[in-house]
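Grab the two chains, each in its own frame, and use the hints to assemble them into the complex.
Protein chains in written order, with the numbering used here: chain D, 1 to 306; chain H, 307 to 635.
Simulated from the structure, these hints should not be mistaken for laboratory data. Only a predicted model underlies this, so the values are computations on that prediction, with no experimental measurement involved. By construction, the Cβ of each residue, glycine as well, lies at the ideal position given by its N, Cα and C atoms. Accuracy of the hints is not assured; some may be wrong.
[As the list claims (entries may be wrong)] Footprint (simulated), chain H over chain D, 3 or more residues, beta carbon under 8 Å: (1) 22 to 29; (2) 43 to 57; (3) 127 to 133; (4) 168 to 175; (5) 183 to 189; (6) 231 to 240.
[Unchecked claim] On the chain H side, residues computed to face chain D include the following (Cβ under 7 Å): (7) V325; (8) F327; (9) E343; (10) T350; (11) T352; (12) Y374; (13) S375; (14) S464; (15) L524; (16) G600.
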Amino acid sequence: MTNQRYKDLPNFKRNKTPTKKIVEQIIYIIVGTVLSLIFLFPILYMLATSTKSESAFVSSAGTIAMFLPDFANLGDAVKNYANVFTEFGIWRYAINSFIYAGIVIVLNVIINGLAGYVMAKLSFPGKKFLSFMIIFLIVVPVETSIIPLYSIVIIMLGLKKTMTVLGVILPAAISIFNIFLFMQFFSNIPKEYEEAARMDGANTMQVFFKVILPLSKPIVATVAVFCFIGVWNDYLWPSMILPTPSAGQWPLLPIQSVVSSIGSMSELTTSERMAALVVTSVPIFVIYVLAQKYIVQGFGNAGLKM
Amino acid sequence: MKVNTLTISTLIIAAVFIVIFALFAVLDISTSKKRKERYRTGATVTSYLMLLPAVLLAFMFVLLPILYSLGYAFTDYYLLEPQNISFVGFDNFKEVFEEIGQGGTLYHALINTLIFVVGVVPLQIGLALLLALFVNKPLKGSKIFKVCFFAPVVISLSVTSMLWRDILSGSETGLLNAFLGLFGAEAHDWLRDPATAMPCIIVLSAWQGCGYQMLIFLSGLTNIRKELYEAAALDGAGAWTQFKLVTWPGLRSTFVYILITVFIGACRISTQPMLLTGYQDHTVTLSYYMYQTGYRDRWVGLSSAVALLMTIVIGTITLIQRRLFREKD
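Only chain H is shown next, with the shape it has when bound in the complex (with noise of 0.2 Å):
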């Protein structure tokens, strides 16, 4: 019964996504002669071949999950009866709402995935930034540096969390607390106490986070042409100004990118408390909340509604974000 559904939705939803590509494809074979490009037949088929498996796979599992994910939103899935599913209309966003409303479990995780958004986005990128800069100078060690500095990304969250478990601990013998002590402060347990829980999950994210962007700006910093820096100097332009009207002017297009995906990635949150505190009300985040409602407590439409209102507010925001900070071509 179910495989039945399941397949037969998707079947439709692949017709609707076909017909849709037809039309576009239709649309750009009339415009064809005024833009002055010719397709010829035996690289469109050629074209479409090579793509099919890249177009297969994105809609098995990627395109068809979000989708099914944003129709959940309404319906009363419950994971363990799949059968039994029903069209609610926007009860789970009512129930959402009142949720927020009331100052349950979901009004703290969207409280504190803000918290940890305004936090980590300029920290994770001024520090990448700062370090990119020190990684460029054309001084001995600066690849060693480099390699350093990148070493905790490529270590597993889970790893770095048991690790930052251990130095955060809140017995005495927890690393942090023991250099603390060296200086006579009491022990204090980190990530139990509401008020350091997030800040030291935002410092350890950025921390662990902050050597992929520093790769990235390296990359844009190295695409700005030495002559600009020559001629801001030989104007008498000192290190601030220069950084000012070369560096900054250069890194822009690379700056915007980073800010979207470290905006994306940051409101996207769960791994750090999940192995850091566990369920908590001073930790939990919407995307811990949704993980935590649609696949261990299984109320998928819930959790799909969080889901879908996540993914607009995300979604604008990047827009917006997009807008400001483009360079103007």
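Okay, chain D solo, but in the shape it has when bound (with noise of 0.2 Å):
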């Protein structure tokens, strides 16, 4: 019966004339532009912005020329980025932003993935009651936490001054969700992969970082993604705990932080502003494009339940 109605199925696919599949695609095309120029509009406005002088960006308003670079003039572009560069020393920020995200993403997949596979696929005396903490920890809002965590890493950990870096690190280190998601990832991996690992001799931790994690890259690419995004866009935490930078010393802060008090800088042009924030952003979009492939893999691999 069943296997009757699918023979029928390359009629069904002929039905669509080459015309009406162009016409299709055509249409596709033009909705998916418009649709993307909305969601692309504030990103064409500020790299427009970012090239222009202050005249040229006040004469350009209520035109389409905002949107436009202004490539008469490349000069007021090269002078704005450079004026953020020099006069804030934007690239130092960035720097510990770098070395932030890049610590953060090694400590936190090693961490929260043992810990996923621990609950995935290992059975222990106790499972129950960590899985049950680990959708009660998802569930519960934080942010009305930040105060006491503000306390237990200052008076507690006793962290100050440039220690407080480890209280930037360490609580991004932990994330309940990366633990499940990696948890429900681990748990779709069959059996097999590891029993063959073992019965060449390896032992819990080498079937861990030799099987199951080069098994996972959708996965670790989604996690590392989303992490470097938190760190990088995180900028109330990190000015919260990190002393004020002083002159002449390697400042501690993240590029965040900086990039959200120039937008009340009275000195900054629009413009400066602008290159400012294209500065941050570039990265982040880069690295999003080059793992975007394996982050709906790892979504989707997941199996994402609540």
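In structure tokens:
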């Protein structure tokens, strides 16, 4: 019966004539382009404005030129970006952010990955209690606890001055949600892989690092990208605990803590502010585009279920 | 002094946590024969060792802050005088309800948060689903569109908020005003006008966030088997019927997951009003209020009371959502 039905399939597909398909494709591109512009226009505006002098920016207001870069006066663009780099030394904060993000990604993948692996694959007494805790901690809102977190990091761990960097890294290294993601992803990996490795005499740690992690590129990429976005975009917590930069010393603040205060600096022109925003947005965008093919896979194979 | 109280209370909480864990572990062992599950000592020790870093960090930086935050709700903790902390029972909660009753800032925070949640949850999820269906079409260009729709997600909230502040600015050079000016409309101060401020924040939040849910919907869509669509098409089902009978049931667990996460995220909104308008009655939200009272004004007790109430409300609604929408299996 069903076989009979599937035999009809080619016919059903042939129903669409080539012209219909081409029309469909053209409409698709037009609608998609309009939608894309809706999602990209602030970004286009940011890019365009960052290339203009203040007077060019004001005169372009209200016209389509707002979204078009000012190629006629490339000098202005260079000036804006140069000011952002030299006067505010934004590159130093960018380096800080890269270092924080790098350390956090490695710690996050190993720590939460190990926990997710144990929760998904091994059996031990007390597992039910821990699974319950994971769901409970995902549901409870976390922002509410930023003040006690502050007391714990500053008073209890006694972190002062440069050591507060640990206060940026350690809380970011744990993510209950990532444990949950890893757990769901690992539980879909067939047992046979592990069993084969164990026959060859691998211990649990070796199984995790040599078998499970290499099979889990999509989820590792997903976690890494969102870790990077999280660390790169976080500004509230670092501004709370890190010392304000003093002259002549390497600052500890990450890039967003500085950029979020740039908005209220009156000595900056709109164009310079936009140049600063472009500089902070580029790395994150590059990393997303590089990893994006894994991200859908990562979510898909994890089979998210609450 | 303060170091001691904090450390001692932490040790007590840790001890309680270990005792509870041990109780559950013993329970697991005693019922293991019935469940035909065998625990081996070696495997158990390895499991515990591998869990140790995550458990330690989660205890320190996730569980402990939550417990403290709940505990502070019953004290008059003032951030600058941690040594003068004392137990005040339900006084903070009384103050919370009084402030709501008198129509104070907290009342506005509550109303604004409700408006935001009711507005943004359907808008963001609806947009995300439409975009996912659009990008899922096997036509040329879909990959590029996917990247475009996701672009606002990766750009930091502080950056987009700053961009939107320019777009919605009250001056005539503000992007939206300049655009509407082409049609002869007068300049409007979108973020200062109480009638337009929250809707603007809702739209920009949905715009910024929906790309993320789009990806999750998309991963749900790729898990639906193609044969189901083909079978439905053969039975003469149109696009809408196919969506209703194949796509939607196939997306159900994804939808519940998205509903719960978007709902929780929406309840916790604080950054957008913080960066767009500052501390104003017409845009303040509960999370923003907590940040302002607890960190800026340093009244941790009061702030924690709000946090505790909010946690209970969000937790309850989340559980109800799970019950209502979960697959019956």
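Status of each hint after checking the structure:
1. 22 to 29: holds (count 4)
2. 43 to 57: holds (count 3)
3. 127 to 133: Satisfied; 5 residues make the cut.
4. 168 to 175: holds (count 4)
5. 183 to 189: n = 0 at 8 Å, threshold three: violated.
6. 231 to 240: With 5 residues close enough to chain H, the hint holds.
7. V325: violated (12 Å)
8. F327: Holds - the Cβ of H:F327 comes within 7 Å of chain D, reaching about 5 Å at its closest.
9. E343: Cβ of H:E343 sits 6 Å from chain D, so the hint holds.
10. T350: holds (4 Å)
11. T352: Holds, because the Cβ-Cβ distance from H:T352 to chain D comes to roughly 5 Å (cut-off 7 Å).
12. Y374: Holds, because the Cβ-Cβ distance from H:Y374 to chain D comes to roughly 4 Å (cut-off 7 Å).
13. S375: holds (4 Å)
14. S464: At 4 Å from the nearest chain D Cβ, H:S464 passes the 7 Å test, so the hint holds.
15. L524: holds (5 Å)
16. G600: holds (5 Å)
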